[in-house]
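> With the hints as your guide, set chain G onto chain C.
Protein chains: 2
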Amino acid sequence: MTVRPFQDADWPQLWPLLRDTFAAGDTYAFAPDSSEAEIRKAWIDAPQSTWLACAADGRLLGTYILKPNQPGLGGHVCNCGYVVAPEARGQGIASAMCEHSQDEARRQGFRAMQFNLVVSTNEGAVRLWRKLGFHIVGTLPRAFRHAQRGYVDAYVMFKTLV
Amino acid sequence: MTVRPFQDADWPQLWPLLRDTFAAGDTYAFAPDSSEAEIRKAWIDAPQSTWLACAADGRLLGTYILKPNQPGLGGHVCNCGYVVAPEARGQGIASAMCEHSQDEARRQGFRAMQFNLVVSTNEGAVRLWRKLGFHIVGTLPRAFRHAQRGYVDAYVMFKTLV
Chain C
1 MTVRPFQDAD WPQLWPLLRD TFAAGDTYAF APDSSEAEIR KAWIDAPQST WLACAADGRL
61 LGTYILKPNQ PGLGGHVCNC GYVVAPEARG QGIASAMCEH SQDEARRQGF RAMQFNLVVS
121 TNEGAVRLWR KLGFHIVGTL PRAFRHAQRG YVDAYVMFKT LV
Chain G
1 MTVRPFQDAD WPQLWPLLRD TFAAGDTYAF APDSSEAEIR KAWIDAPQST WLACAADGRL
61 LGTYILKPNQ PGLGGHVCNC GYVVAPEARG QGIASAMCEH SQDEARRQGF RAMQFNLVVS
121 TNEGAVRLWR KLGFHIVGTL PRAFRHAQRG YVDAYVMFKT LV
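Protein chains in written order, with the UniProt record's numbering: chain C, 1 to 162; chain G, 1 to 162.
All the pointers check out, no bait thrown in.
The list makes no distinction among identical chains, and a pair is therefore deemed to hold if it is satisfied within one copy or across any two copies.
25 Å max Cα-Cα, derived SDA-like pairs, lysine to any residue:
#1 41 - 31
#2 159 - 31
#3 41 - 104
#4 67 - 150
#5 67 - 151
#6 41 - 65
#7 159 - 121
#8 159 - 149
#9 159 - 147
#10 159 - 91
#11 67 - 47
#12 67 - 26
#13 159 - 118
#14 131 - 161
#15 159 - 65
#16 159 - 95
#17 159 - 128
#18 67 - 38
#19 41 - 146
#20 159 - 142
#21 67 - 32
Hints are computed from structural coordinates only; laboratory data are not their basis.
Same shape as in the complex, but just chain C:
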C-alpha cells in the first residue's frame, strides 16, 4: 500500500466511495444526499491537502483530508477525516492513514490534531484513535443525528503532536 496526494484523475474512482460513505449517515456529518459538487468541495477544495491510500495495482483503499481546524491563532491545530473502502476494512488502512497524516501534519508545522465530531456509536473508530494516542477531550450531547439510531453523542478527540 502507498499513500500519495490526490490528483484530478483520481476523482471518478474517489467520489463514489465518499458518496456511499456519507449516504450511510453513521460516521460523517456531511448530508447523506450530498451532490457530487458538494462532496468535491468538502473533500478536495476545502482541505489543505487530500491523500489516497492505494494498493500496488492502483486500487483505491482509502482517503484522508488534512486542514487547519481553525484560522489564525487556532491554526496550529489540524483536523483530519478518513474514509476506508468497504472491501478494504480490517486491513489496517485507517491506522496507516492516520499515522501518515500525523507525519504529514508535523511536516506542515502543525502542533496537534483534533477530531471535532467522532460519532460515539462508531466504536471501532473510537478504539482505533485511542490506540493511536488520541484522547477523548470532550463529549457533545446528542450532537450527531445518526441515520438509524437518531440523536447520539459525539466526541471531540485530540492528540498533541510535538
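Below, chain G alone, put in the same frame as chain C:
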C-alpha cells in the same frame, strides 16, 4: 438597546470593531492582521445570519453571528460568536445578545448551541456563558495561541436548547 439583523449600510461602523477585536489576539482565532475582505467573509458571508445590538441613538454596541456548527447530520447544533464594543462593556450587552441568539436559534430550529474555542484566559466570557446555562464539555490543550500569553487551553462549551 435593540438587536436587529445586519444591513449593508452597517458595515462601515461594524468592521473597525471586528478589526480591533481580532487584532487584540486574545479572544478569537481569526488572524490578528485579517483584511477587511477576510473579516467580511467571516462575519457576514459565512454565517447564516449576523445581528447588531444598537443603542437608541443607533450607536453600535455589539454584534453576533449564528450558523450551523456542522453540515447535514450535525446541522441541528448551531454556533455563535459575539463581540461587544469596548465602550459598551459591563452593561450586559453580551448577555442580552446571547439570550437573543438562543431565541433566534430555537426559532430557526436548532436544538443546541456549541462554542468551539472559548479561550480559557477569557475568564469573563467563560463565567458569563456558564451563568447563561452553557457547560464546559471539553478542554483543548494549548489550542489557542494568545497574543500575549502564548499557547493556552481553550474550552468547548455547549448548551441544549430544547
